[in-house]
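**Q** Input sequences plus hints: build the corresponding full structure.
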Amino acid sequence: MEDDVSNPLRRMSSRTRKIAPKMAAALASSDNRTQATLARLEALENDNAGMETVEPIDDDEASLDDDDDGYVQKKQSKSTKRKTRQAKALENARKAPRNFLELLHEANLESLPPHVPSYGKAAVGPPSSTCRRHFCTVCGFASNYTCVRCGMRFCSIRCQVVHDDTRCLKFVT
Amino acid sequence: MYTNNNKPHTPFHSTATICPFSDMSNVVVLDNGGGFIKAGHGGEREPSTVIPNCLYRPLSSKKFLHPSPTSAADDLTSAAIRRPIDRGYLINPDLQRDIWNHLFSSLLRISPSNSSLLLTEPLFTLPSIQRATDEIVFEDLGFKSLFVADSPKLVHLYEASRRPYGLVAKAQCSLVVDCGFSFTHAAPVFQNFTLNYGVKRIDLGGKALTNYLKELVSYRSVNVMDESFIMDDVKEKLCFVSLDVSRDLQVARRRGRDNLLRCTYVLPDGVTHTKGFVKDPDEAKRYLTMMNRNAQPYSDLNQGSDRPDYAEKLEERKKVDLTKTEFDLTNERFLVPEMIFHPADLGMNEAGLAECIVRAVNSCHPLLHPVLFESIILTGGSTLFPRFAERLEMELRPLVPDNYQVKITTQEDPILGVWRGGSLLASSPDFEAMCITKSEYEEMGSARCRKRFFH
Ligand SMILES: [Zn+2]
Ligand SMILES: [Zn+2]
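Residue numbers (the numbering used here), protein chains in the order written: chain A, 1223 to 1395; chain B, 855 to 1309.
Rather than coming from a laboratory, the hints here were simulated on the basis of the structure. Computed from a prediction, not measured in an experiment: that's the story for all the values here. Among the hints, a few may not be true.
Below 30 Å or equal to it, Euclidean Cα-Cα: the simulated DSSO-like pairs (lysine-lysine) are [stated by the list, open to error]:
#: 1; chain 1: B; residue 1: Lys1305; chain 2: A; residue 2: Lys1343
#: 2; chain 1: B; residue 1: Lys1139; chain 2: B; residue 2: Lys1305
#: 3; chain 1: A; residue 1: Lys1343; chain 2: B; residue 2: Lys1261
#: 4; chain 1: B; residue 1: Lys1261; chain 2: B; residue 2: Lys1091
#: 5; chain 1: B; residue 1: Lys1024; chain 2: B; residue 2: Lys1091
#: 6; chain 1: B; residue 1: Lys1129; chain 2: B; residue 2: Lys917
Over the 12 Å line for every Cβ pair with chain B, so calculated as not near, a few chain A residues [said to hold, decoys possible]:
#: 7; residue: Asp1253
#: 8; residue: Tyr1367
#: 9; residue: Val1370
#: 10; residue: Arg1371
#: 11; residue: Ile1379
All C-beta atoms in this analysis are idealised placements derived from N, C-alpha and C, irrespective of residue type, glycine included.
**A** So, in structure tokens, the structure goes:
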């Protein structure tokens, strides 16, 4: 990767060399934009989106109360408490619920013969018309501007300020 | 680990084949949605219980609680949620088993070992998930027998039985559009079977819509990112489908009483009220006057912005606003359901609902096309937005050949439609014969048993 980029650069004229970093930045920003869009869509499937800290999965430590009215911490015996951290981590990795995309990947649906209907083939696919309406992500009204950093839309200076202050790059790591 | 009175105490093989008569009334019908579980007894019209398919932890509690029909009355402000289902599919079998256990023992009070189970499962469920499900049903809970059905088929059955002389029943064919919690499917059904090869899916459902609404409100007025339960309520009470987006955007910009879309939702304060509510329900319904295309132009409805009662209301609103326990909605009300019709607006590379339907129909035999367009059935909670069917027809009509009719029916109760179809099927005389029994499962395993459901 490194070589591909640096070799042609060496042979470039000084003018191209000036432009190249800008293009690289633009490329990076379009990458940011895709990333931001994907992350934003991903967030729409979250359950506890607002909670900053994801709580540890404590399935194996919790159990049903005898009168069946909810979850209580099971009193751990001393021996299990002394479980090494590593063993604990391993166990959590095994028990942690996985997300659907992981299970999908494991199912290896691509190996199915082409005529067999499957989850992947049922996807509706891209829209036939590429025209996309743009709404301001701040106020919802029609927007004419795109943020150069993250690609989200805004309609006015006022909304841009809000965008910059609150959500710009929120979805980019 | 669990207080499991249902676990078979006898080893496998001992009881399954001996039972001399199959008891028809002992079929449990379970529509296991990603959002809600609908469960009850086969043959009945209404499910006995409808509960969220999750564990939840209110702020007042240190532990996660089981949902029950009364949990809606709890203070659910900022409650954390754990769901066994992700993107429509079961990903956490332990959690699901736990919820089912509670459902069967405490809510339905049935004993699995002498009951059959009719269970709904989403289309294209992965074999690994089917295996996990069968394990819970037979090995952990010990049901006598199992039948697995997909929702479109059950919706079709129910609608056909409601109108025995209608097109759906006569042609034995329909296009079921299920817009639920996790995703949206357009599924052709023919001779009571879902044509898998024709099914098309949009990865958007009620959950994404609620989360989108949360995002919009949080950036514009109050942070409600933690309020899944409350924002579900806001969505259900205030969102609607626009019949003319650019016109409605203009209306949403107006000031004062001319803004027929503005309405106010009051958040729970935890002291005087633990539930949120719409501040002025009549005000919230004013948009309906301009949606009706036969009504007078809405400029005529705009008089009265200086009426004293309204001025008073405005004053009142300003006062309460300071406490930040309420927020206004305007264009969010229709921009949220708008996603289903145009996911591309959101940056999703997916076609909208009208195109989704056309693609589903087009993947079937041409002879079926006219019948399918004429027997579209809407089901699923997200079809409950006012004007959903009207908008769909507006978008669909231009995409369908002129000589075909487009007819869209909304189910009487889009949330319970699948369950009712299941209840109907469970009470049919050949139901037991269609099931796989526990001993068959033990003998053949999950994969071979599953093949039976599709023939
Ligand atoms: Zn704006
Ligand atoms: Zn930005």
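**Q** Against each hint, give a clear statement of whether it holds in the structure.
**A** Verification of the hints:
1. A hinted pair counts as satisfied when its Cα atoms are at most 30 Å apart, and Lys1305 (chain B) with Lys1343 (chain A) qualifies at roughly 20 Å.
2. Of the pairs offered as hints, the one joining Lys1139 (chain B) and Lys1305 (chain B) is violated, with about 50 Å between alpha carbons and a cut-off of 30 Å exceeded.
3. With a CA separation close to 27 Å, the supplied pair Lys1343 (chain A) and Lys1261 (chain B) stays within the 30 Å bound.
4. At roughly 27 Å between alpha-carbon atoms, Lys1261 (chain B) and Lys1091 (chain B) fall within 30 Å of each other, so this suggested pair holds.
5. Pair hint Lys1024 (chain B) plus Lys1091 (chain B) does not hold up; C-alpha atoms about 37 Å apart against a cutoff of 30 Å.
6. Distance restraint check for Lys1129 (chain B) and Lys917 (chain B): the Cα-Cα separation of roughly 21 Å lies within the 30 Å cut-off, and the hinted pair is therefore satisfied.
7. A cut-off of 12 Å between C-beta atoms confirms that Asp1253 (chain A) is not in contact with chain B; the least separation is 15 Å.
8. No Cβ of chain B comes within 12 Å of the Cβ of Tyr1367 (chain A); the nearest lies about 16 Å off, and the non-interface call holds.
9. Every C-beta of chain B lies more than 12 Å from that of Val1370 (chain A), the closest at about 16 Å, which supports listing it as non-interface.
10. With a least CB separation of 15 Å from chain B, Arg1371 (chain A) remains clear of the 12 Å interface cut-off, as annotated.
11. Every beta carbon of chain B lies more than 12 Å from that of Ile1379 (chain A), the smallest distance being close to 17 Å; the non-interface claim holds.
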